[in-house]
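Engineer: Spelled out, the chains give:
2 protein chains.
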Amino acid sequence: MRVRNLALAAVVLGGFAMPATSDEGMWLLDAPPRDLLKKKYDFDLTDPWLQKAMLSSVRLNSGGSGGFVSPDGLLVTNHHVAADATQKLSKPGLDLYNDGFYAATRDEELKCPDLEINVLQNITDVTKEVNAAVKPEMKPGEAFAARRAVMGKIEQDSLKATGLRSDVVTLYNGGAYHLYRYKKFTDVRLVFSPEKAIASFGGDVDNFEFPRMNLDVAFFRAYENDKPVHTPNYFKWSETGPQENDLVFVTGHPGTTQRLETLARLKHRRDHTLPYTLYRLRTLEAALSQYGMQSPEKARQAAGDQHSVANARKAFSGQLQGLLDPKIIEQKATAEAALGDAAAKLTPDSPVYKNALAQIADVQLKLREFEKPVGLLETGHAFYSPLFGIARHIVRMGDELPKPSAERLREYRDSNLESLKFGLFSPAPIYPELERAKLTASLTFLAENLGGDSEVVKLVLAGKNPAARADELVNGTKLIDPAERKRLVEGGKKAVDASTDPLIVLAKSIDAEARKLRTRYETEVEEPERQAYAALSDLRFKAFGSSVAPDATFTLRLAFGTVKGYEVGGEALPFHTTLGDAFKKSADLGGKEPFDLPKRWLDGKSKLDLTTPFNFVSTADTIGGNSGSPVLNRAGELVGVNFDRNRHGLVRNFVYTDVQARHIAVHSKAVLEALRKLYPADPLVKELTGK
Amino acid sequence: MRVRNLALAAVVLGGFAMPATSDEGMWLLDAPPRDLLKKKYDFDLTDPWLQKAMLSSVRLNSGGSGGFVSPDGLLVTNHHVAADATQKLSKPGLDLYNDGFYAATRDEELKCPDLEINVLQNITDVTKEVNAAVKPEMKPGEAFAARRAVMGKIEQDSLKATGLRSDVVTLYNGGAYHLYRYKKFTDVRLVFSPEKAIASFGGDVDNFEFPRMNLDVAFFRAYENDKPVHTPNYFKWSETGPQENDLVFVTGHPGTTQRLETLARLKHRRDHTLPYTLYRLRTLEAALSQYGMQSPEKARQAAGDQHSVANARKAFSGQLQGLLDPKIIEQKATAEAALGDAAAKLTPDSPVYKNALAQIADVQLKLREFEKPVGLLETGHAFYSPLFGIARHIVRMGDELPKPSAERLREYRDSNLESLKFGLFSPAPIYPELERAKLTASLTFLAENLGGDSEVVKLVLAGKNPAARADELVNGTKLIDPAERKRLVEGGKKAVDASTDPLIVLAKSIDAEARKLRTRYETEVEEPERQAYAALSDLRFKAFGSSVAPDATFTLRLAFGTVKGYEVGGEALPFHTTLGDAFKKSADLGGKEPFDLPKRWLDGKSKLDLTTPFNFVSTADTIGGNSGSPVLNRAGELVGVNFDRNRHGLVRNFVYTDVQARHIAVHSKAVLEALRKLYPADPLVKELTGK
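The listed protein sequences correspond, in order, to chains A and B. Following the working numbering, the numbering of the first sequence begins with 1162 at its first residue and continues without gaps. Following the working numbering, the numbering of the second sequence begins with 1162 at its first residue and continues without gaps.
Check each hint, because a few of them may be wrong.
[To be verified] For lysine-lysine, the following DSS-like pairs were computed, each having C-alpha atoms within a straight-line distance of at most 30 Å:
1) B/Lys1213 with B/Lys1344
2) A/Lys1488 with A/Lys1760
3) A/Lys1296 with A/Lys1272
4) A/Lys1760 with B/Lys1199
5) B/Lys1475 with A/Lys1459
6) A/Lys1760 with B/Lys1213
Source of the hints: derived by calculation from the structure; they are not laboratory data.
Start from the sequences and build out the full structure, keeping to the hints where you can.
Structural biologist: Following this line, the structure appears as structure tokens:
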């Protein structure tokens, strides 16, 4: 029975009919696949191993993962995860993102203006408590409010009791609720970041490709009370790195996957959400690239945004190609039918399975009607500018903070308020000309989507065309100054109502409409989907037990896999590249951007052992958000830093396969070789290796 | 009465309430504004002046204008108009588009694979003949067919009688029909093209901007019977160029304007056509730029397409900003109302005006339903690849050529067949990897627009995702070889039906659907609009006489204006830049692309008189298609080569204004200075100046 179920589970998961012993899964740390690891790899996943992995792993609020690598709060992540911080630490004439940085002493370490890191301390299952608050007779709006209230209460109680950041996380799209408690650090300082040319050698061209030769790492240090954090929980840096066929683990914070979504939902993504998203991203990418072309200084200003948008564009393009592949759609259909068969056997007369599918399909039809408006006005796609985000928070804080915490919009609950203000009052630089370009593009995008005669478009544009309106908003606002933001937040609703700042006035003027759309989304989409998925999830548990990991939620997960190469078009790709490969590829392509190498690398080539492994791949199951994840060996030592997956892994949102799909990591040895030979970074090497 | 009508005409034209003596107008050469020129500029526009301007002006099939500048068939146009030819003459290791070219002797001149030029010989009004063929009782489909047939007959008769390329041109959106007869040349050879870095200095950033410093010129020579064409009709090259406040003329082939369109049509453009177009162009631009980043050779392959797409994207973005400007919409509404007032006075009880407006508004509602499918499948947006265009022509020629000429789809009529085959059998290089990237992007765009479950998408993708389908199509086709194209065309329908070439099979499989959409467009959009616009046009003639020029139609027009600068934000911009300005701007921006200068220019800087005027502006009325247009002084001498308009001129599709809007031209003196001092081009200088 168990075997049969496991085999069925693999089908239901929708992968390429992976065997039950596949390396699929972004596993919860409180429900790890111990049996599978024992059976397939003869590995005993012990509690102390897990505990140490949890306490040594780090989530960055800029959207990535990392891990402590010394007892003195040193942590490693990717150069591209650090980009948000290195951009904010840069200014005209000082370009840390492109040119790199190294603090030889602790005094030289640079405090990041708004980087927060979270370290998971423990997990509690609160599913029953959450579900108990929602009564069957409630209408969707009431159910949503009741659930939000109970989640808010659990979080607030936990915050009061422990002082820890406390988040209730929705798992299995509504099948389970867990409380995650984090220790958070807001004094995080930059220690080392290499030149962008070697960190993302090959740029957008080689993003999501393999072979790769990227030194995509950066080091920060966490501080408390102005002193480096001392911690016994850190990963030992391996001086050898992994060998072929080694078992490795990845601990990190995968962002989102859609493996448990129904076919109707996936088709909605394919035909509506993804085309809209790509239309939007290409619009922004064009605007940013055109801005950056105007001068080297503008290129510097736009570089971080440009990388983020290009990365998203490539990831979503891959998703779309995946969902347009009839083979993948067929697999998902087969998997859905298999769950139906299982349901029919478990509860032959129950309409639960059919009803849940029908409910989710029905939601998609409704969503079509207002998905664009909700994205444009509530998510903020019409206002691609941190300044608008600031204005909206200020306006909404005026309305929300007087309410009891559990009744507020979720982002304003007490347990999140400190983190929110940390970002809101950040002194990170904002460049008016860049904001103008971004706002022009996104206001135009708004009009393109809703039409020039739409009431909301007229309201937003206020009698001007998008370019002139963007000028007016950016020229008139004082929100670039954090002191003004603080003044308005502290002044509350009264100060907000008295403000004539054009961005505040704009955010206020559209707030009723934006909130209306949000409520509609919550009651017509979020709540009915959550209830339907909870029912499907329940069926899945009954049929297959906990052999299926939940979809990713930007919370800590454990993945595992084998270090191994793969074949493309009959050609075998080895499991790792070497430092020498970077020089070769750069020379082959004329040394032109994005295949240029930093001067330090060209000058120092002869010092390097060019056979040193540079990047390697494994079958472990990762997705966006895993960037910067520690890659560990059996001993829990850090053998690599995950930074990407290959093009075959782009469909991982929907299906896992280990035939060609791989995640890609920087080899631990390459980091040491570069730090030793090219950078004057001996203290850093010593801290990592103890030598 | 006349004065009142003229003032009203200005309003109806929808400009910024331009006085009746404004420089607006892309005038027909058989209806030039003699009175206006006499009154405002005291200039007598004589028949010989006009005749010489007509016979010396040139249209290029790559989409631009030019003019003969020597008695030996030498002609000047823009570097960016020549781009199509210089790209096709290039190959791996030889990059004429970027690196430039000069043939010091006639033997070295390079024959372009498929460049055709047309020189207008005469114009005949055939309005009555065309209208007589369409009876009031005909249904739209019948009317369309009858009109197509009579136009085809007129063209064929003219071809037979004169041997000249003969096109019936629709003017005033259906208000008049003129027969244009051209002498055509298909042996055109490249003489000179500068480096791209100076030809489009500032690249996309400075496109549609002023001040500019571009040597955007190229020279070709027309041959007949393997010998340079001898012609008395050429423009003398001015060694002094224009002075401030000079009257200048522009002869050229403006592509399309929409100044006479109704408000309903313009709003349809704003809310439907332009967003779709920008979505499409940004998609293609992203794909091309990503392809070009892969290697210097791929960058070379994609450069021409990249320039065209970026140029279109910027032009359409400007149009959208214009139509999203409430002031412009208001002007158009006022103008429409003014025509209504005039109509009410002329024919108080006639419903013609109201019916025409209602008919056009009604058409827009219908068009919404199928504008995307018709664009994707019939216009070919789903298949952005010359290979598909070739396949479609071959398939359709098999069906169309057996029919009488007047009954064929218009592009296959006898009078167009030679030009069509000239392009179809061109040996110009096609790069499979580039085609694959372009097809992947456009097939994906198809699916994004119509959805993965659409029958036509399934038919086109044939069980693959877009990337895999593009691979299959490009890997399998033999159409890269012109001999294979010829074989299929000569073999007719039988050969086409027997072909298993995947692109032929694809073109065949969707032809029924594409033709259906085309017929629907012709009968539900083109014909009803044509009839309604003819009615409006008739009213306009009655109310305002011929004081209004027709919208642009890529046929020869005459514009005129004053050489003068303008103010931006209180700052006065002089009417010309200098060679020195290019060096200054390049240095200010770190010499980085797109502000890099060719080595020849950097090395030769000291040889140049840096005060030489480089680019200048005038108020003359131009639009896309005018690229390469000769700019003439009163004596009919060439004082400049038009290459662009400024950002204020981007709304010229809809309204003319001379407050800030200007066209931009290369100063005739700058060309001579550069050719003399920097290029070893003395023979060319001698041919231009006689010295």
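Engineer: Take the hints in turn and mark each one as holding or not.
Structural biologist: We went through each hint and held it up to the structure:
At most 30 Å may separate the alpha-carbon atoms for a hinted pair to count; B/Lys1213 and B/Lys1344 meet this at roughly 15 Å. Among the hinted pairs, A/Lys1488 with A/Lys1760 is inconsistent with the structure: their alpha-carbon atoms are about 47 Å apart, more than 30 Å. Straight-line distance between C-alpha atoms of A/Lys1296 and A/Lys1272 comes to about 48 Å, which puts the hinted pair past the 30 Å bound. Distance restraint check for A/Lys1760 and B/Lys1199: the Cα-Cα separation of roughly 66 Å exceeds the 30 Å cut-off, and the hinted pair is therefore not satisfied.
For the suggested pair B/Lys1475 and A/Lys1459, the alpha carbons sit about 19 Å apart, so the restraint of at most 30 Å is met. About 60 Å separates the Cα atoms of A/Lys1760 and B/Lys1213, which puts this hinted pair outside 30 Å; it is violated.
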